[in-house]
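Participant: Going down the list, the sequences are from chains A, B and C.
If you use our numbering, the first sequence corresponds to residues 529 to 1321, in order.
If you use our numbering, the second sequence corresponds to residues 76 to 368, in order.
If you use our numbering, the third sequence corresponds to residues 4 to 170, in order.
If you are wondering where the hints come from, they were derived from the structure by calculation, not from laboratory data.
Don't take every hint at face value.
Here are a few chain B residues that sit away from chain C, every Cβ distance over 10 angstroms (derived from the structure) [said to hold, decoys possible]: (1) Ala97; (2) Leu140; (3) His165; (4) Ala297; (5) Glu301.
Not everything, but these chain A residues come out facing chain C in the computed CB check (under 10 angstroms) [claimed, not checked]: (6) Arg553; (7) Glu565; (8) Ala738; (9) Asp783; (10) Ile787; (11) Tyr790; (12) Gly1212; (13) Val1219; (14) Thr1244; (15) Thr1250; (16) Asp1253.
Note that the Cβ used here is the ideal one computed from N, Cα and C, for glycine as well.
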Amino acid sequence: MTTTFPFEAGAKDEELRTVGTDAVRIDGLDKISGAAEFVDDIDFGPGLLHAAIVESPHAYARILSIDTAAAEQAKGVVRVVTGKDFPYKFGMYMEDRYIFAQDHVRFVGEQVAGVIARTHREAVQAVKLVKVVYEVLDPILDPKRAFEADAGLIHPDLGDYTHVPWFFPKAGTNIAHWRKIRKGDTEKALAEADYVLEDTYTVPRYAHCAIEPHVTVSKLDHADRLTVWTASQSPHTQRHLFAEALAPLGFTHKDVRVITPYIGGGFGGKAGVSMEILGAAMATLVKGRPVKLRWTREQEFYNTYQRQGVVAELKVGVMNDGTITAVEHKLFWDAGAYVEYGANVVNAAGLSATGPYRVPNITNDSLCMYTNLPPGGPYRGFGYSEFHFGLESHMDRIAEAIGMDPVDFRRKNAIVEGDELSYGGHMNPSGLIEAINKVADAIEWGVEEDSDNPNTVMGKGVALFWKAPAMPPNASSASFLKFNEDGSLNITVSGMELGQGYLTVMAQIASEVLTVPVEKIRVETPDTDRNPYEWQTVASHVTWSSGLAVEKAAIEARGKIFDVIHQVYGYEDDSLYLESERVKCKTDPSFEKPLSDFVIDGIQTGDGTWRGGPIIASGKFMPEFTNALSDPETGQGGHPNVHYTVGATGVVIEIDKDTGRIWVRKAALAVDAGKAINPDLVKGQIVGGLVQGLATVLYEDMRFDEGGKMLNPNFTDYKIPTAFDIPDEVVPIIVEVPQPDGPFGARGVGEHTMIAAAPVIANAVYNALGIRIKSMPVTQEKIAMTYLEKSRS
Amino acid sequence: MIAKEFEYRRPATLGEATHLLADHPGSVRVLAGGTDLVAWLRDDAVDPDLVVDIKDIPDLADIRLDGQTLHIGSLVTFTNLMESDLVAEHAPLLAEMSETVASPGIRNRATLVGNICSAVPSCDAGPVLLAYNTTVHLTGPNGSRNIDINDWFTGVRETARREDEVVTHLTIEVPKHGGVYVKLMRYAGEDLAQAAVGIVVYPNLDYRVAFGAVAPTPIRSAAIEEALRGNGLNDDLINLVVAMVPDEISPITDMRATAEYRTHITGVMLRRGLVAAVGRLAGTGPEYGTRLI
Amino acid sequence: MELEIKVNGEQWALNVAPADVLLDVLREQVGTKSPKIGCERGDCGSCTVLMDGRTVRSCLVLAVEAEGHQIVTVEGISYQGLSELQDLFLRINAFQCGFCAPGIVLSATELLEHNPNPTRHDVQEALAGNLCRCTGYEPIIEAVLGAGQPKVGLDRPATGPAEGDRP
């Protein structure tokens, strides 16, 4: 059975000119010359004020009093604000946060008050003068502890919170959301399985570490318009949440404008709304003055979204022939103090926690547990990276236990088009088997390698991945397109150029339809007043969704172009086509009309009058086949996911037996992009995502002390890869099984490339040394000490 | 952004500098490369009223050889050491160690002397300068004195330097020798030492063995040196001294590494380091700069 | 305090506090925005500038220390068009978000100045203090290796193992 899609765009069989080529990035020159302007680079003149934040030193406490008197008297201080100034809630999917803390603080670093001063130094100095008295409460730092019946409640009012209809919070507990999947009869299938493996895997919290910290400048002008410049992945979502949260102050959407220039990396960390709302709110109290709030690197670690930790209890049943018959996956997410965004990570993982396998009997429980750690949220991979560690480790172990090659085992169970998904829908076309085969070939799977160094051994590993965009069912994209006098184009969209190459890909799509070369197309970063709507740049969906909107706008523009030609010259629209920026006619080879002749000024007719005028167009896309309505107890029904992108990763590693140090000698990653609009940029996602993923398994992790304070909020002790810490060789492999409803067949790949990095290393370590590490990260220390113990015993 | 405020002076002479230091007891800091001090100021980890920049003082940036004595001024950076022909010829171990310090943009500013003045337990210069039996030369308002490097480190971030003294230079005896610096890092890129071993061996089989990041200060191991003295390396001897490691060091468990791992790896580094140092003495060891772990 | 420095060839007379770091003074008083604020403690390299031809972390240099020195930022080397290295970075699509790019361009420029034919290991060493979270460094290293080499363009050579980095 195949899934049918109600909407299909684009001519996929024609010969492509621009799509599929390695176009040079249209933002490349800006970035390489120093011209690229980020929020912190925008000049706001001498009136600019600076904000700094008073933060909670406690993971859980009641605020007894806040004394701002001394700070208000300090040199340069313009205003001190507290929660009393803004008793307003906000949240992306669940309204469980206040702008500033009200009566409680729930994590170390939570914003208690803010100081606005004339200089940054004065603001920071005055922060130290704000006196806050707390009654310290016992924090809950562990999701399993939070789940216990006698655990204290972090959000006693949970039952009253507003949330999206696909969340199922349990009032009177710390369970903010419980995504259940019940398909088939898991209990029976496990009982009848030839082999069942049960184990627990743990994954800590991780930080995005975009090199640009969060920064925002907000200004309420004297005409009561609030403009917010932010380093954000989500300009329209931010405008919406600012307008909603600040509605009590009289704001409507038209009064709020969000402008997002280039941003210095996102990885999910700049999605939704985090610190930006502090700046927006504070600016409302100093009318006429722009207010800058920039996170320090430390704040970037402890007070933005963090990738959630998870304890994964996994039970898988198989038959002796290698057929997987049942998966029971229980995920306890350490979702942190506020889950307004993070609960959707939990939801997404719960829907897909079987991994890319055909599984007839499924019991998934994905539990969003409140804890007194910083708020969890989106991070490249959106829950999938986390559960794939255990799942793909488990698959290797099962294969070994039943005497099957791990690659053959995966091939046998890999999900293919038409297979039933956990929620009852069906799998889209995809090239998973091709990806497995190509990765296995690239790392010469099955060929043992020996090290010529007596201190080291070689190992190989393979792991699969899949992921669907996690979006509200009606998440939309839109685009405007206009021609200029010389036939060049300006396109406005509101997806963000995070570095992935989005602007270039949008230009290539328009170029393909309109034959205007990429160099003649400017695609602009968002300004919510001027650019059309985009939900957010997350979920690896913008190439697909915004790409469709741009393609539709270009098709509309082409139609308008043909209409003008038809009006003036009488050629039928369907006889016309574009080639090299000219309109040509199939029935009259002698006809050609350069676009630059008429796309602004029109065409003069025989009587001296003109036809046409500026060619402008718009396009939008909303997936009209999805819905998020399903049975809360089984997760059946509904069509929450638009499609899955799949792939495989393999590595060849060398390990020093004494030190545990790993060198990744070769890594191969195959991802099914459907159609790579720009293969070079897809390879950029493969290499960059893989390195980011390898770091999560090899050395990164967030450490907290027993009071919930982060111990390593800096690059000295939260290590992210340097130019030395990359594989010796990466083999990027692009598989192209078209996505039927994608622009030219494309689907997203941005997040996917980091998802399998953790288990592939764990599997290769086992392959090399025979030790199985079940908690991330798989550091050199863990390897060395585990191996030492094994050698001694 | 540094939130605190302080005064800055850049004296032109050593005398002026030492008097400034003497006049501000308890609230003055010496600035050379600044890669530690400026970071500490930013982190609010130090609170001086006065910062005395010594970079205008003449003659502090020299690297020169007097007979078999290498003279290294207190403004000599790690980059200077890596690019010095004298160092390459007479003390390539200093270059090997320098290469493990942070990254080029830091090494272009950070000084060897500053590294031992900051005196964090993981300072890379510590084990190597200990193994070299370095002499530290200081000048204060009342004249100059020398301190044996073995008496230099007095605690975490504490040294035998009096607050009114400026270190002018180091001297290191560099007859023919082999050396090695081995450093445990969490990955291949820039990192602080989680444990480190510095070894120097002379043709008379006199060994000097020092450790970093496994005690409150960089330390020498007299017991291991004694066990090695006069002996050529063989497996039994290496096993013997590696087995002595746990008693010679006192590592802590922190977020960077556990005490157990530090101990284990210190043994591994000692084992590989001894072989490399002796090999280098014989002209057969791995090139300086080769990473052994 | 009075401060005279030369930035990208232009002489500036400024008034700064002793606690002002060079990075902030370049950005706020000189208006040179390419050195970025990333960590403010010397870990990330996005504030890298050339000081008398050598890379320094401008977040770890007090502005008053720069008195009399020459500072060059990426604006300074782009002044008369892109350098060959920049052109390669551009053609290879070496950067993604671009936030680290100014620092990396300067670190690579310093390397090539002293070592026109670097090995892969040399390039990794030169860039090891400039953190990039997007690219996995591979295309950046490739561009630096290609600078000064003939005919390196969009056809990428296969990458080889790191030299000198084996146990």
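Participant: Would you mind marking each hint as holding or not holding in the structure?
Facilitator: Quick rundown of the hints versus the structure:
no. : hint    : result
1   : Ala97   : 20 angstroms, holds
2   : Leu140  : 24 angstroms, holds
3   : His165  : 22 angstroms, holds
4   : Ala297  : 30 angstroms, holds
5   : Glu301  : 30 angstroms, holds
6   : Arg553  : 5 angstroms, holds
7   : Glu565  : 7 angstroms, holds
8   : Ala738  : 6 angstroms, holds
9   : Asp783  : 30 angstroms, violated
10  : Ile787  : 17 angstroms, violated
11  : Tyr790  : 7 angstroms, holds
12  : Gly1212 : 6 angstroms, holds
13  : Val1219 : 3 angstroms, holds
14  : Thr1244 : 6 angstroms, holds
15  : Thr1250 : 4 angstroms, holds
16  : Asp1253 : 9 angstroms, holds
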